[in-house]
Amino acid sequence: MSNLDLALIGNCTVGALVDERATISWGCFPRFDGDPMFCSLLKDSSDYGFFAVELGDCERAEQHYLENTAILVTRLHDCNGGAVEITDFAPRFGKYGRMFRPMMLVRRVKRLTGSPRLTVRLRPACDNGAGRPEVTWGSNHIRYVAPTLTLRLTTDASLTSILQETPFFLEDTITLLLGADETVHEAAGEVGRRFLDETAQYWHEWVRFLGIPYEWQEAVIRAAITLKLNAYDDTGAIVAAMTTSIPEAAGSGRNWDYRYCWLRDGYFVVNALNRLGATRTMERYLGYIVNIAANAGGGPLQPVYGIDGRVDLDEREVPALAGYRGMGPVRIGNLAYRQVQHDVYGSAILAATHIFFDQRLTRRGDEALFHRLEPLGEQAMRCHDQPDAGLWELRGSARVHTFSAVMCWAACDRLGRIATRLGLAERATYWLDQSRRIHETVSRRAWNERRGAFVSTFEGEAMDASLLLLAEVGFLDAADPRFAATVGAVEKDLRRGDFIFRYVEKDDFGEPENAFLVCTFWYVNALAALDRREEARELFEKLLACRNRHGLLAEHIDTRGGEQWGNFVQTYSMVGLINAAIRLSIRWDQAF
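With the numbering used here as the guide, the letters of the sequence shown map in order to residues 472 to 1063.
Hints listed in this document are in silico derivations from the structure and should not be mistaken for laboratory results. For glycine and all other residues, C-beta sits at the position ideal for the given N, C-alpha and C. Among the hints, erroneous ones may be present.
Unchecked claim - Label-pair ranges, simulated between beta-carbon atoms:
#1 GLY585 - ARG1004: 51 to 59 Å
#2 ASP705 - VAL606: 25 to 33 Å
#3 THR891 - ARG751: 33 to 41 Å
#4 ALA791 - PRO858: 50 to 58 Å
#5 PHE640 - GLU1006: 52 to 60 Å
#6 GLU849 - ARG953: 27 to 35 Å
#7 ASN762 - HIS656: 31 to 39 Å
Modelling step: build the complete structure from the supplied sequences, incorporating the hints.
Below is the structure:
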């Protein structure tokens, strides 16, 4: 049965999920939102849609990442003393003054002991699982010819054994290079060896320059690498997750395609990476946002865009894929792009604010960029008290959501601060006046006197977890008694055991069954801000225990059994881990 005890490999061009026995069960080509040519994770049969290296009479498996890399090592042991080591990665390293990150997965299979007998089964799908590519071959390669893309396997293994899936004894090491339909001009083994060494060196260097907290270092490093893998280098976009349609809860029908860039999620990711000192992802993402805003021409922003910046993400169901554990539907595209979500203006401007203040950056924000951001502020002013779908993307209703209004305030507030930084006194006065006006409106209309707390909608009664962010974005000071009161109301209404639900009201699909993981991380941060640090640390440790064996998190968790659900790996959840660790860790100068 499928589960989410998976590892993620990638190189910011492609990504793939690998199960405990080294089968690639999910991977899209030629990029994150492409055709899932490996899709057995969402199939109800094992006939195709995977890439397996099977060891005969396998009795146990061990798996780990090479330390501080995105390189996965799986060791398979048979019952006769034979063992193999499979090393999986996607190449990424500097070459010719630029980053080499091809559409390629590399698998190196090495004999460790005994006489291991292998079967290589490479069975890609095409057309969203509806068919299989045509297969042709040459002297050292096999081509998988799909209608829109051809993959080429270059290898030093026997082509016959791969084509016919016949078992063979592994004598030493074989290399499998799966990528674009291009000739590899060197020996496959040599290419695989060099790519492995240079990719490991790249990740070691990248991690070496992270500014990590003293405590929970391994967890933070794995989270940071994972966030990096979800950034699409070519445009700067950041996907919410690598997968589509893993349900939020068993049989819930809450199955969505997350292989796109939500402006809100992107902001949280670049903010977390920036706190760790990984600024280049932020710079590239800012370029993506600026282009999105320019294409909008001063009009409304969508909450989500394609990784190439496209606006139309029409949603459809894919009948050829039965779904995770048979729990369909599987959806391609996401209708959220049509929704009105006013928090996007704050998300975009908050992401851009760093570039005006961070002196580490070689390219700093200037007056020209500021003026390109101002139309987003104008939209925020117009929208702050208007109904929308909210950050939880309610499909059946529209209300004036407090979080959306607060993010509109943040858009104007940060524009005022940026203008001050640039010495634009008149614009600073203008934007700070607008932010004060919105702050007064939210403080009046989102505050519920009966409950003694801010509530999720203007003139509303219910709570939602985004209210835990009121101090994080600067709308309230953590010492403001209204913040403590609001956190208390969230605890009362939304806490179930150790977890905070995003909301508990019925929506288009009924009452939420599982907890949205990042909400509990938000709660941990709120506890720390309220100087309830011991509670926060205890809860954070419990959240760390929810990760899979590789330190990865999905979107949701079953609060009763602890099983992860929802799209995987979820950037929101990994961001929550990083931010909480930074906030809770003792300082380096206090450590020893």
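So, against the hints stated earlier in the document, which numbers end up violated here?
The structure conflicts with hints 3, 4, although it agrees with all the remaining ones.
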